[in-house]
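Novice: Okay, here's what each chain looks like letter by letter:
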Amino acid sequence: MRQPPINTIADDAIKAWKISAIIYISILWIIIVAGLVISIIFNFPLWYTVIGSLISGLLHYLFVYLLPKVRWKRWRYEVFEQEIYIQHGIIIVSRTLVPMIRVQHVDTKQGPILKKYQLASVTISTAATTHEIPALLEEDAASLRDRISALARVNEDDV
Amino acid sequence: MMSKKQRLHPAAIFFTLLKTIKELVFSIGVIGFLAFKDAGLIYFLIGTSVLILAVVVFSALSWYRYTYRLEEGELRIEYGILIRKKRYISKNRIQSIDLTQNIGHRIFKLVKVNIETAGSGVGTEASLKAVKLEMGEALREELKTVQKPIENDERNEGTNYNLPKQKITTKRLFLAGTTSGSIGILFVIMTFLFSELEQFIPDSYYENTFQTIISFSIIIIAVLILALLLILWLLGIAGTMIKFGKFTITKNNEELFITRGLLEKKQTTIPIRRIQAVGIDESILRQPLGYVTVYAEVAGGTIEKGEDFSTILFPIMKKSEVDGFLNKFLPDYVSNRNDLIGLPENAKTFYIIRSTILLLIALIAMLFFIPQFIWVPTILLLICLYMGLLRYKDAGFRIDHEQLTLRYRVINRKTIILFHKRIQSFEKKQHMIQKNASLATIKTSIVSKFGTGKHYKIKDLAVEDIMELTSWYSYRD
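Heads up: the protein sequence lines correspond to chains A and B, in order. So the first sequence is numbered by numbering that gives the first Met the number 0: it starts at 0 and just counts up by one. So the second sequence is numbered by numbering that gives the first Met the number 0: it starts at 0 and just counts up by one.
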């Protein structure tokens, strides 16, 4: 685990993450706008909404602009003959080793946002844990899935 | 011998009947309450008797329809009143057969047979509610591919004298009860019950009593509390005695066989190849006395109500006896537990901060708001500081060929012995501050009961040590 894994995930992952972050943050904005309207109608003090929008602004910057980039930079994976090596995490960096003989099944999945950019995520499950590589190009995800599933087809000792 | 259809013992009708009535009693009660109001008592009585008759008929019919037989190496169960169901379980797929006797069973000399396969899920694959004891044992014999010991008290004592076997002594059992730590849990339950009870006592009565109590001196209250604690403690002892009474573990070829329970007699089979890890638990109460609990993580199977996630291999033994015990039952799991690689010096700060930070904040807050009670968090802080130091001191690991020993403490000190091929994944986590200090946290995952994972974490190991662990675990190179 001295060296980080070499493969990065798809560049468009940043865009996909930005969109989902915008969806979540916009809920916050809607609440703040609603608060502003109510405050004006009922003559409540306005400084609540000012503080609220400052916080939302900060969160907006963090989750929409900063974190997707950092997250993308951190996300690495590498598939070896006998094991899968994954790195992720922004504040806490995790590096995980999953031996091929422990892999139970591999899935690819795709939500509407990932579909927009022709991306898919790969989920690797062992008997005890699941690991996800979040955004790969569709064809990469499919070939990775097939490759892992082929490599995992070794005779397993009893669990 | 059992290829013809068999029925459960007729007492099963009775058991189903009782269970159904127990489930119905609440709704009947509610309806009865309403009926009294509207003076429809006669309809209620008619309704109830019809219902009870229906339940009796239903219980009898379902008993009549429930048949089992052994045929072509399969256990074939047919059941269902309107929709007939058939369940065939192949002998090879059966992971374990447990025999349980509760008090009802013991009166009639019956036993409940639970059959488990590898499929995960809640509830057993097949459960024969009540069969004759001899029948249950014969069934177990038939269904096991491996020959098993017949563990029926003194009757067959002579036949298995050469199998490794260990029983719990009453003295030890009593000690296990006294240090069970169930006092705490019972105390919480009692407090909860009392706080609920309060609502039902009329206010005037309550106030009078309160006045009387206040007029007593504080000493009497203290005595009352002590008496209550003593009762709770005795209940804890009784609980342990009932649960682990007559605890016996036997090894037969590739299986461990555990019998326990005073009131409800439980017999469990653990195939050794399904054991994922063996743990030694030193509870905070037992550690100073030098006693430990040995348990195992077993893959697959099911979790029944009130059962623990880990399987207890022996409830209490002296620390020095552990190696002998493991040598006898699970020789692979003997390890050099006392010679671990610990944490580096600079990890100590992390451990102290982690265990005291919340209380420190509380302490400062109290200093501002209610300084007269400052001694409460101060004492707690000192306890936590001590726990933090203990956690730091106890954490460690060791590699011996394919065997890995991990030790950590949350409250109890736990030592886990596991093997390379049992570890499902290995993870290293590191945040910025840890990185500067050349420390990181590791997490290994194994399979445990119910098809879920069990994860062992050791925080703040030195990065060089983690390198060693990683290269031990990695399949590369």
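No lab work stands behind these hints: they were computed from the structure. Being a predicted model, the structure only gives us computed values, none of them experimental. Be aware that one or more of the hints could be misleading.
The calculated DSS-like cross-link candidates involving lysine-lysine, where the alpha carbons are at most 30 Å apart (straight line), are [as the list claims (entries may be wrong)]: (1) B:K413 - A:K68; (2) A:K68 - B:K428; (3) B:K442 - A:K72; (4) B:K442 - A:K108; (5) B:K458 - A:K68; (6) B:K434 - A:K72; (7) B:K392 - A:K108; (8) A:K68 - B:K448; (9) B:K392 - B:K413; (10) A:K72 - B:K456; (11) B:K434 - A:K108; (12) B:K434 - A:K17; (13) A:K72 - B:K458.
Novice: None of the hints should be skipped; say for each whether it holds.
Specialist: Here is what the structure says about each hint:
1. B:K413 - A:K68: 41 Å, violated
2. A:K68 - B:K428: Given that 30 Å is the threshold and the Cα spacing comes to 20 Å, the pair holds.
3. B:K442 - A:K72: 23 Å, holds
4. B:K442 - A:K108: 27 Å, holds
5. B:K458 - A:K68: 28 Å, holds
6. B:K434 - A:K72: 18 Å, holds
7. B:K392 - A:K108: 45 Å, violated
8. A:K68 - B:K448: 40 Å, violated
9. B:K392 - B:K413: This hinted pair holds, its Cα atoms lying about 13 Å apart.
10. A:K72 - B:K456: Measuring from Cα to Cα gives roughly 26 Å; hence the hint holds.
11. B:K434 - A:K108: Answer violated: B:K434 to A:K108 is near 34 Å, above 30 Å.
12. B:K434 - A:K17: 29 Å, holds
13. A:K72 - B:K458: 25 Å, holds
In summary, the structure is inconsistent with hints 1, 7, 8 and 11 from the numbered list given earlier, while agreeing with the others.
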